[in-house]
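Residue numbers (my numbering), protein chains in the order written: chain W, 1 to 116; chain B, 1 to 116.
Check the hints yourself; a few may be wrong.
[What the hints assert, rightly or not] FRET-style restraints, in silico, Cβ to Cβ:
no.: 1; chain 1: B; residue 1: 61; chain 2: W; residue 2: 68; range: 29 to 39 Å
no.: 2; chain 1: W; residue 1: 99; chain 2: B; residue 2: 115; range: 40 to 50 Å
no.: 3; chain 1: B; residue 1: 54; chain 2: W; residue 2: 104; range: 11 to 21 Å
In case anyone wonders, no lab produced these hints; they're calculated from the structure.
Bear in mind that the values here come from a model prediction, so they are computed numbers and not experimental data.
The beta-carbon is built from N, C-alpha and C at its ideal position, and this holds for glycine as well.
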Amino acid sequence: GAVVSQHPSWVICKSGTSVKIECRSLDFQATTMFWYRQFPKQSLMLMATSNEGSKATYEQGVEKDKFLINHASLTLSTLTVTSAHPEDSSFYICSATHPRGPYEQYFGPGTRLTVT
Amino acid sequence: AQSVAQPEDQVNVAEGNPLTVKCTYSVSGNPYLFWYVQYPNRGLQFLLKYITGDNLVKGSYGFEAEFNKSQTSFHLKKPSALVSDSALYFCAVRDKVGNRDDKIIFGKGTRLHILP
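Next comes chain B alone, as it looks inside the complex:
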């Protein structure tokens, strides 16, 4: 089965500094990877996805992620953090078995705190 791991429960970054939220994956076949963000008591918002193509994927709100096949990683990055980036971030992977519908499997989430 496909899975993703987010090794950090929480990441603290000073405003204006670059941020990285880590994610590693375990898949059979080609990975379809995603990043979502969740603000308090809200649903999830899609940030970006990697399906194929360039290893550096650009997404919403200035975020980007780098797909690294050799390290099986898909870390989320932003060059300069904003206080408004503080939220819960989920890495996710597409899972499909046989003819079943695609479903998304989420990591446990990483809480990002941007310190003013």
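If we strip away everything but chain W, and leave its shape as in the complex, we get:
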């Protein structure tokens, strides 16, 4: 159990367009989901914490109007990159907190975004 999926696994879009990435917990309900960004050969940078039914909490330096997060249900959170630019190209990873405990976070496989 404790599987988290992301869709799409990779996406290429043109500058100025918006892209939506989905994160789903497949076999458990997650009250909290997290969105990370990872640059090549670098660590994961936490972007925001997403709670079902409430506004996301963004980390310092992350533009909330650019990276829109919606946590519509206990199994789905979405990240929309609005008006994407080449510098937004990155690997985006979500994680979900399992009800077993706040320390039990399960990660999705990631989404590779390339903005041309």
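For this one, chain W is given, so just place chain B on it according to the hints.
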């Protein structure tokens, strides 16, 4: 704020030899520490965690980690390395401020190369 440091960008070990991937931490209060592994273009997989109890924590794939309070370290170890252990390893620490949701702060990662 909580943080972890991984002093080595890369570790090379011959197959069959013991391996150690280093991690030191800086926390206020009791540390909640984790190790994750990431294979190329994949999300993170949980290896093990230290919350409380025995200082030697056993995890997935034969890995273990030793919590050392006096040295503020949480090094990852395995008695006999496999080529399939080659991956990117992240040490992480739980961070919680006030009533905010738990979040995980990652080290910069250590690339482990197991040489056949």
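Hints versus structure:
1. B:61 to W:68: 29 to 39 Å: Hint holds: Cβ distance 37 Å, inside 29 to 39 Å.
2. W:99 to B:115: 40 to 50 Å: Given a distance of about 42 Å, which is inside 40 to 50 Å, the answer is holds.
3. B:54 to W:104: 11 to 21 Å: About 19 Å separates the Cβ atoms of residue 54 (chain B) and residue 104 (chain W), which means 11 to 21 Å holds.
This entry satisfies every hint, going by the numbered hints stated previously.
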